[in-house]
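Modelling step: build the complete structure from the supplied sequences, incorporating the hints.
As they're listed, the protein sequences go chains U and P. For the first sequence, the numbering used here assigns the number 1 to the initial residue and increments by one for each residue that follows. For the second sequence, the numbering used here assigns the number 273 to the initial residue and increments by one for each residue that follows.
Quick caveat, the hints were computed from the structure, so don't treat them as lab data. Be a bit skeptical, because a hint or two may be false.
[Stated by the list, open to error] Straight-line Cα separation of at most 30 Å, BS3-like style, residue types lysine-lysine; simulated pairs: (1) U/LYS41 <-> P/LYS518; (2) U/LYS41 <-> P/LYS383; (3) P/LYS435 <-> P/LYS421; (4) P/LYS518 <-> U/LYS181; (5) P/LYS383 <-> U/LYS263.
What you are looking at is a predicted structure, and each value in this text was computed from that prediction instead of being measured.
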Amino acid sequence: MSAIEIIIEPGRAEKNYWRDLWRYRELFQVLAWRDCAVRYKQTVLGVAWAVIRPVLAMLIFTVIFGRIAKLPSGGVPYALMVFAGMLPWTFFATGLSDASNSLITNTGLVSKVYFPRMIMPTATITAAFIDFFIGLFILATMMAWYHVLPSWRIVLLPIFVLLAFLAALGPSLWVTAVNVKYRDFRYVIPFLVQFGLYVSPVGFSSSVVPQKWRLLYSLNPLVGIIDSFRWCVLRSSIYWPGVGISVAVVVLLLWLGVRKFRKMERTFADLI
Amino acid sequence: MPNEVVIKVENLGKSYLIGHEMGNGRRQESFREVVGRHALSFARAALDMSRGRQIIQGNKIEEFWALSDVSFEVTRGEALGIIGRNGAGKSTLLKILSRITEPTRGRATIKGRVASLLEVGTGFHQDLTGRENIYLNGAILGMSRAEIKSKFDEIVDFAEIEKFLDTPVKRYSSGMYVRLAFAVAAHLEPEILIIDEVLAVGDVVFQRKCLGKLKNVAQHGRTVIFVSHNLPAIIGLTSRTILIDKGRLIAGGTSSEVVSRFLQSTQNEIEASGDLSAFRRDYRSEGYADIRTIKVCGNDPGIARIGFRENVFLEIGLQALRSLEHPIIVINVLSEQLEVLTSITSIDSDFGVSLDPGFHTIRCEIGALPLMPGYYRLSVGISQSYGALAWDVLEPIPGFRIEPQESPTWLQSGERPGVVLLDSCKWMLQG
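So this is what it looks like as structure tokens:
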């Protein structure tokens with residue numbers, strides 16, 4: 001005899017939503033694994049793409065901002081600084097753009113099977129970890145090359161990785177939900193991501209921003225995340241109030257994202 | 273508690289908003305008008321979006337009730353069939369019960385773990401191997417990893433794909449693909465199983481295997497809700513059936529009663545319109561040939577009245593959509609209870625023609641049927657080879673009535689049992 005009783009009614013908010021989410025964790029694992037498994041299927045270079053793309057971008061930024069514009073790097077090799085910023089940025093950008101389309105590319109699942117829909121974008125972002133770990137490995141190699149040793153702060157890195165994950169999750173949930181109804185966002189996201197690369201301190205250090213603007217600048221959550229990555233790995237200086245603001249923005253976006261997603265979730269199958 | 277109600281549906285309803293394009297006919301529009309129209313629709317879409325409303329194409333919006341006021345109950349261990357024509361609202365009902373979509377009105381209460389199978393192979397990924405897809409699909413259908421692992425060999429065995437386990441499924445033939453997909457689904461063991469028209473997949477042999485498996489599930493005390501166009505399967509698998517038409521529940525009762533009522537109503541409609549498409553099997557290999565018309569002894573099906581011992585012939589109007597080499601045509605004659613009495617194939621008579629694209633009429637002279645007076649139904653199908661996925665099947669269409677008038681009086685009384693009539697036996701006293 002089973003204790004499960006499901007009541008289906010219009011407008012009924014799932015009381016057991018979060019417990020359900022936990023019950024479906026195996027599906028979450030499988031979907032994340034699937035996205036990882038198919039990521040580089042039927043490509044010639046395969047996982048090499050995860051190396052080539054960030055390395056090329058790093059070279060370009062180093063040449064433009066480091067060599068030509070001669071921006072400061074706070075005492076670390078410029079290439080290293082760029083790459084340490086590129087790592088969370090790429091994770092955020094891939095996570096956000098993949099997740100935003102996750103429900104639309106999985107229309108079949110959404111319209112034929114029940115599961116807490118939040119699993120889908122979350123699992124997709126998780127798949128972006130492959131590229132992240134490969135990038136981490138490249139970073140370690142580069143640090144060995146430049147003879148730069150990490151400090152004890154490196155143990156705090158997982159916290160900031162989680163922060164980057166949540167930073168991607170919040171907007172993803174919001175965009176994913178809205179994308180189901182208004183496909184316009186499919187075109188907005190690539191543009192935003194491209195734009196964000198230059199707005200965020202990826203190719204330069206955030207220390208070049210005038211002191212009086214830094215608090216405002218930190219409203220872009222990526223500023224706090226990238227800064228703290230550099231602080232962890234390269235012992236760069238850090239502006240803590242800025243990090244605090246970024247964290248607050250991440251939390252706010254996450255709350256907005258979850259709220260929007262939960263509100264729209266019930267109509268996904270009808271609209272998709 | 274054997275008679276405990278596990279699914280209780282009360283006044284369930286679901287409406288959709290649909291848009292119509294009420295054009296101004298075929299009148300040529302000027303460039304200015306086109307621009308104006310688009311600007312208008314853009315403004316409306318922007319307004320809808322700012323209010324968080326759904327964007328609906330078309331300039332006339334209508335509320336459409338896909339399902340309205342449906343109530344029924346299912347007790348533990350019962351198998352309930354749901355029938356109705358395409359678009360009657362069966363799938364909407366299943367989607368609500370599976371929690372995929374929300375009802376607009378009413379309420380449903382379900383006790384127990386539900387697994388629903390609205391499509392075979394949901395979530396299969398083309399680039400993953402058969403092995404990987406078993407785990408993926410299993411998880412999607414709600415099986416735990418441990419559960420899949422313990423049934424893995426059984427699934428592979430059932431699907432008959434051992435050799436291709438590590439091949440990406442995009443290299444599979446459509447038959448293998450479907451077999452694998454169904455094999456995973458068939459090994460689900462929830463307390464309540466909801467199935468939508470998934471039996472009609474694969475070749476004939478596999479279909480039979482699937483039906484057997486499902487029957488097993490139904491007999492093991494699991495609660496099953498089963499939607500199908502395969503009426504014999506409905507009768508075979510379920511004890512009780514409900515009939516849905518235009519979103520409303522219009523009949524409920526024992527499966528054979530409801531099925532025959534459904535057939536009666538569709539038959540009346542065919543007699544009125546001559547349209548057979550309601551009987552078309554959904555799962556088929558489209559784009560080769562469509563069966564357009566069937567005439568029984570020159571009459572529309574359902575109307576044909578055949579004299580006792582009269583020769584029967586069928587004319588099948590086929591639209592060939594491309595060149596067809598030696599197609600096989602199968603005609604099944606069914607009893608009123610939908611048992612297949614005989615299966616007539618064009619292979620038996622070595623009838624092998626090649627058809628150019630276009631309309632063709634094929635005539636089959638069956639001869640006198642050794643059947644008792646009564647009402648008979650037909651299924652007619654065309655395919656490339658026997659057992660292959662059919663190009664088109666119409667089943668079970670109303671067939672013909674064998675009139676008792678001209679038969680000997682002892683046949684008319686209706687007391688004689690049986691369907692097949694063997695009346696030219698030789699009798700003699702021996703010894």
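Results for each hint:
As the CA atoms of U/LYS41 and P/LYS518 are separated by approximately 46 Å, the hinted pair breaks the 30 Å bound. Restraint check: the Cα-Cα separation between U/LYS41 and P/LYS383 comes to about 42 Å, which exceeds 30 Å; the hinted pair is violated. For the given pair, P/LYS435 sits about 18 Å from P/LYS421 by alpha-carbon distance, which is consistent with the 30 Å threshold. Among the hinted pairs, P/LYS518 with U/LYS181 is consistent with the structure: their alpha-carbon atoms are about 27 Å apart, no more than 30 Å.
Proximity of P/LYS383 to U/LYS263 is assessed by CA-CA distance (about 25 Å); at most 30 Å being required, the pair is judged to hold.
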